[in-house]
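S.K.: Protein chains in written order, with the numbering used here: chain A, 286 to 621; chain B, 286 to 621.
There's no promise every hint is true.
One side only, chain A facing chain B, incomplete, derived with CB under 7 Å [what the hints assert, rightly or not]: (1) K295; (2) T379; (3) S407; (4) A575; (5) L579.
Okay, the calculated bits of chain A under chain B, using three or more residues with CB under 8 Å as the criterion [as the list claims (entries may be wrong)]: (6) 321-328; (7) 546-559.
These aren't lab readings, by the way, just hints derived from the structure by calculation.
Note that beta-carbon positions come from the ideal geometry of N, C-alpha and C, so glycine has one too.
Number of protein chains: 2
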Amino acid sequence: MPVGTQATVKGLTPDELGALGTQILLCNTYHLYLRPGVSIVEEAGGLHRFMRWSGPILTDSGGFQVLSLTPLRKVTDEGVIFRSHLDGSEHFFTPEKVVDLQERLGPDIAMVLDECPPYPASREEIEKAVKRTSAWAERSRKAWRRKEVTFFGIVQGGVYRDLREKSAEELVALDFPGYAIGGLSVGEPKELTYAVLDWVVPLLPPDKPRYLMGVGTPEDILEGVARGIDMFDCVLPTRLGRHATAFTRRGRINIRRAAYARDFGPLEEGCQCYTCRHYTRAYLHHLFRAEEMLGPRLLTLHNLHFLFRLMERIREAIASGTFHHLYETWLQERGG
Amino acid sequence: MPVGTQATVKGLTPDELGALGTQILLCNTYHLYLRPGVSIVEEAGGLHRFMRWSGPILTDSGGFQVLSLTPLRKVTDEGVIFRSHLDGSEHFFTPEKVVDLQERLGPDIAMVLDECPPYPASREEIEKAVKRTSAWAERSRKAWRRKEVTFFGIVQGGVYRDLREKSAEELVALDFPGYAIGGLSVGEPKELTYAVLDWVVPLLPPDKPRYLMGVGTPEDILEGVARGIDMFDCVLPTRLGRHATAFTRRGRINIRRAAYARDFGPLEEGCQCYTCRHYTRAYLHHLFRAEEMLGPRLLTLHNLHFLFRLMERIREAIASGTFHHLYETWLQERGG
């Protein structure tokens with residue numbers, strides 16, 4: 286899922302996202318609640334009509350943003366009190382309120398409010414967060430009214446095996462239509478990220494989608510899929526693109542590097558994206574050096590194309606029973 | 286002509302410019318000379334291939350930019366010494382060099398180097414500038430080699446009737462394929478801008494294009510056409526668009542205004558541009574409030590569409606002998 290935090294995938298139109306093969310995109314409840322405000326999106330006829338994207342949308346609950354972006358937050362069993370990062374105003378999110386906000390935004394998939402403590406956190410903190418996350422999930426389940434919006438539960442538990450297992454079991458007992466694994470890719474070593482997946486995924490129902498939140502390098506996606514993950518979201522393709530960095534089969538390149546000033550080849554040889562079919566590295570280099578808006582737009586297009594093409598190959602490989610081969614060769618070629 | 290100073294019309298692809306009906310766009314020799322450098326554009330196969338725009342391109346000579354943007358400039362009869370606004374490095378432009386640079390950039394139309402003193406300037410300064418502009422035009426005419434690039438002369442003379450007439454006559458004597466009127470819209474009252482056109486245009490050959498440089502509000506375009514101008518360039522539609530301001534038949538609106546937060550109509554009722562066909566004022570308001578890149582892009586599209594549609598109506602009205610009616614009704618509706 287490309288990230289469209291504020292009801293826009295930075296710089297791109299929904300038409301471009303559609304042409305890229307976007308199947309679903311992510312928006313953020315915390316950001317939209319603060320600006321433009323849920324009632325405006327509601328009046329517009331919901332998020333799809335507001336941003337003019339007719340494909341599926343997933344909204345994140347805002348739990349992560351509230352705990353990472355806002356100053357002076359306070360978490361109680363009842364909910365989270367926080368101050369807006371925009372104007373310092375005080376707000377209170379409860380599990381029930383976050384369900385209501387998302388039902389009013391009207392995505393296809395929504396996330397329950399969870400508690401995701403910043404990494405590293407003590408075992409005691411994580412234990413408390415797991416307990417709260419389960420209790421909040423249960424309250425969310427009860428508050429859920431609009432069946433057109435599908436709520437997913439979120440597994441927490443940091444990097445502690447027993448807490449992850451406890452969280453997964455408690456969430457699964459609540460019978461959500463899908464499950465997310467939260468609190469990863471927040472600074473822990475990669476080995477631990479993958480270990481958590483190894484512990485948690487086998488406990489999740491095989492017939493329900495599993496979503497690994499906030500993860501999205503090509504390598505992490507392959508490792509996630511190898512462990513049974515179905516869905517990902519990540520700001521990397523768009524954020525890196527805005528900052529002059531392009532994904533290629535041989536790793537990332539920064540197009541601002543002087544080496545590209547007279548390089549009249551495409552970002553990546555053989556790439557069929559709009560940017561590679563039309564523009565040279567020299568021109569893209571110039572756009573970034575000159576701080577021209579078209580540069581971020583064109584690199585974002587390329588990066589999303591790159592990841593969507595990878596997902597497409599993964600789906601084909603799974604269907605034809607060759608995923609392991611794809612996984613091995615990709616990581617080998619990258620020296621991974 | 287939309288302005289694509291640095292070989293890109295800010296935020297838009299050439300495909301979008303084509304779809305808007307762009308007939309020709311403007312790039313800037315001074316900027317491209319400094320960055321990426323003329324030799325890179327040359328290696329890319331010229332400006333059209335570098336920026337991937339196959340329609341006509343006009344390059345401004347850079348005379349105006351050198352005299353308005355750069356610190357520590359010095360004008361002599363030989364040329365202009367100036368420092369780069371990017372890194373302070375020293376450069377020297379002569380009429381011959383500017384012809385050569387543009388022939389290497391490879392636009393369809395290029396401009397000779399002129400001297401355009403900042404407004405207000407004394408009669409003595411303008412007199413000197415007119416003399417130099419004529420001498421430089423003559424040297425440019427002689428230096429011109431590549432006949433695929435068509436050079437236009439530029440009439441100067443400030444707001445002094447006799448100097449404008451002298452400049453026009455001397456330029457016309459050099460028999461350029463087209464003529465620009467420079468040094469207007471630099472701070473002088475509108476009445477003087479229009480008066481200069483009244484003096485100069487009748488002296489220009491009726492069978493050659495007349496280009497009013499740097500002018501482009503809807504009203505100025507109508508006034509210019511009424512006085513015999515054929516071509517315009519202006520940063521307004523793109524610059525205003527980036528700063529949240531949209532042209533409408535009833536004047537400019539700033540979409541950031543709180544009044545638009547819950548306005549679910551288009552920027553302009555009946556407008557057939559991409560933005561108005563797809564987006565509400567409320568969404569555009571949100572994009573600008575949230576500082577999202579898509580906002581500038583969508584307002585730029587609208588503003589260019591607005592001006593191109595005006596030019597289209599002007600051409601139709603001229604062809605059907607109803608221009609005077611269009612001119613009157615437009616200015617009346619605007620209370621102008």
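S.K.: Now, for every hint given, state plainly whether the structure supports it.
M.R.: The hints, checked one at a time:
no. : hint    : in the structure
1   : K295    : holds, 5 Å
2   : T379    : violated, 25 Å
3   : S407    : violated, 36 Å
4   : A575    : holds, 5 Å
5   : L579    : holds, 5 Å
6   : 321-328 : holds (count 3)
7   : 546-559 : holds (count 3)
Against the hints set out earlier in the document, violations occur for numbers 2, 3.
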